[in-house]
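There are 2 protein chains.
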Amino acid sequence: MTDQRIFNFNAGPAALPLPVLEEIQASFLNFSNSGMSITEISHRSSYFDDVINDAVERTKRLLGLDDQYHVLFLQGGASLQFAMIPMNFLSGDQSADYVNTGTWSTKAIKEAKIQNKKHVVVASSEDKDFSYIPENIPFSKDAKYVHITSNNTIKGTQFADFPDTGGIPLIADMSSDFFSRPLPMEKFSMIYAGAQKNLGPSGTCMVILRKDLLETANPDLPSMLKYSTYAEKNSMYNTPPCFGIYTIDLVLKWIEEEMGGLEKMEAFNKEKAGLLYDFMEASNFYRATAAQGSRSLMNVTFRLPSEELEQKFIKEATAKGLGGLKGHRSVGGCRASIYNAATMEGIKALVAFMEVFQKEAK
Amino acid sequence: MTDQRIFNFNAGPAALPLPVLEEIQASFLNFSNSGMSITEISHRSSYFDDVINDAVERTKRLLGLDDQYHVLFLQGGASLQFAMIPMNFLSGDQSADYVNTGTWSTKAIKEAKIQNKKHVVVASSEDKDFSYIPENIPFSKDAKYVHITSNNTIKGTQFADFPDTGGIPLIADMSSDFFSRPLPMEKFSMIYAGAQKNLGPSGTCMVILRKDLLETANPDLPSMLKYSTYAEKNSMYNTPPCFGIYTIDLVLKWIEEEMGGLEKMEAFNKEKAGLLYDFMEASNFYRATAAQGSRSLMNVTFRLPSEELEQKFIKEATAKGLGGLKGHRSVGGCRASIYNAATMEGIKALVAFMEVFQKEAK
Chain A
0 MTDQRIFNFN AGPAALPLPV LEEIQASFLN FSNSGMSITE ISHRSSYFDD
50 VINDAVERTK RLLGLDDQYH VLFLQGGASL QFAMIPMNFL SGDQSADYVN
100 TGTWSTKAIK EAKIQNKKHV VVASSEDKDF SYIPENIPFS KDAKYVHITS
150 NNTIKGTQFA DFPDTGGIPL IADMSSDFFS RPLPMEKFSM IYAGAQKNLG
200 PSGTCMVILR KDLLETANPD LPSMLKYSTY AEKNSMYNTP PCFGIYTIDL
250 VLKWIEEEMG GLEKMEAFNK EKAGLLYDFM EASNFYRATA AQGSRSLMNV
300 TFRLPSEELE QKFIKEATAK GLGGLKGHRS VGGCRASIYN AATMEGIKAL
350 VAFMEVFQKE AK
Chain B
0 MTDQRIFNFN AGPAALPLPV LEEIQASFLN FSNSGMSITE ISHRSSYFDD
50 VINDAVERTK RLLGLDDQYH VLFLQGGASL QFAMIPMNFL SGDQSADYVN
100 TGTWSTKAIK EAKIQNKKHV VVASSEDKDF SYIPENIPFS KDAKYVHITS
150 NNTIKGTQFA DFPDTGGIPL IADMSSDFFS RPLPMEKFSM IYAGAQKNLG
200 PSGTCMVILR KDLLETANPD LPSMLKYSTY AEKNSMYNTP PCFGIYTIDL
250 VLKWIEEEMG GLEKMEAFNK EKAGLLYDFM EASNFYRATA AQGSRSLMNV
300 TFRLPSEELE QKFIKEATAK GLGGLKGHRS VGGCRASIYN AATMEGIKAL
350 VAFMEVFQKE AK
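Protein chains in written order, with numbering that gives the first Met the number 0: chain A, 0 to 361; chain B, 0 to 361.
Not one of these hints is a red herring.
In this list, chains with the same sequence are indistinguishable; a pair is considered to hold if it fits within one copy or across any two.
Computed cross-link-like contacts, DSSO-like style, restricted to lysine-lysine with a CA-CA straight-line distance of at most 27 angstroms:
#1 Lys210 x Lys232
#2 Lys347 x Lys252
#3 Lys232 x Lys109
#4 Lys232 x Lys112
#5 Lys106 x Lys232
#6 Lys269 x Lys127
Think of the hints as simulated: they come from the structure by calculation, not from any bench.
Next comes chain A alone, as it looks inside the complex (with noise of 0.2 angstroms):
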């Protein structure tokens, strides 16, 4: 219980930047001079036509995508994307390649087998508890696309560099450090990403799809299954998420506008990470639990010497206002999760608990 507003560590929903929740809030009960809250706008009206194409817009500038690329919103988060994906570009004998690297991979080629898609897992970190990404993948010739998973949100672990495919086309699952770092946008021909982690509330899904690949999807599909449905509309073949694609697009702005792009949301993204990893390196108590190389800039997962400590770490952290550091319930241990909105004064009010902790700890 606080009057005021605690340093977020949750893994998703996570935090958001002030400055758009405050924008949000202050605009509520009246968007953009219509009389009307966001919520209650007309997604036909071009009160939201001007949200959503300066979402795409936004995206396209960012990302420095050209017209070879749909950006479009969906629902049901990355989920639902892990069905939809062999759905629409495996039919007959294809055969798709994944590389599993956690629950998330796990999942995604889970819904490949449910619709017995072909596919091979070509490369796997579960011999090591999935704490490394593997590399030199031994991608298959024929394969119609190779899925990954960019960072792992229960492991701590996120490909650092992006794996060179030989052409075949590249489908990633960035839910969770979507926009965190500039993207070799020529690797992708999809990106996919659940918002609620880096860019909005949960309920809204990003994906960016390019036109050769989506020229290949199956055709007799249900409609609201079909990526060529969103793409066709602009998303708005029904009602879409508006609430979502508006908070996307003002996390857009501040990322564009007040961050200064990408190259500088991930140069500050490394500074907040290495201070976290660096201070644990140092320390002798935190261990951190992803390997070198493959550490994740978003979400910082380590144990401390005992189960015992670690509940006390934890339950006390929260009474100081430190929230949201305990580890996925699959794995237990402790877990940070800095995203884009994490600042570095909650960054440093962390470092300077752990520091306290570990003290009063030995």
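Following the hints, position chain B against chain A.
Frame of chain A, contents of chain B only:
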């Protein structure tokens, strides 16, 4: 451009109760003394558990549901339900009955057809431009389910009473009139509704599903397209649309505690719609398009003597702070959508404007 709120007659997204919007605004930076925005709170937290459980309990109380019903929150709007219903409930040679009362019924039928699911259109009002609700419908004895659209936003018709299907499970799309009146729940096996008319922001779809129907569902579907996935995890298999569920909870609280429940809500809605329909009957100028006995309490569709007058009417009304009166782009004319949140003050302002407009036009 206005510095005050307008009277909002949008068809959806639509007006929400002002006290609900004010509560969201007031707590937007610090929800329930958590130190976080509702958009930043983990769906695995006790804060959010309280929200979703309250929404489920209020739904059960308002509709008088027993433990035979699941209350679920999905994404993708009613349009995804059009596909999921035949996907889940029709297998092999099973067939379903559909009643076609307009655009949305037609779209529901289309999604069964795309999947090559057997179905029969057992009644249609297309012969009279969907201006009425069919009666004495000849249901198929072996239908797996009967699908109806309870209220038709575009043509302004509504089922006043619900058909007796003789024991065949009845499934109703209630996107535009859910929670506007008490329901004979013993007649329904499933009700679904996109939130953006009577319930909250776009991007959340409520589903009420009876367990005996769920038990007949196809098991081999993608996780996000199976109702059982939602039923087994209290709608939190993956991150749900938290902000939408939160807003719905506040709207249900408003219906229960401010409006006094569904019987009073219906009385209020009848009073509001009555004012408009009675005025038009007496006017010899405005003409309601739906047949007597089939008229919607939610969407009052009407014509003026000419299209020119209609355009002038909409333009002048908008300038006077009466927004959203344009008919659906597929049919033209005028439409006042007066869902639960429409105020008596707004209806009276609309009728007063209509009176003046009529006098000046003559």
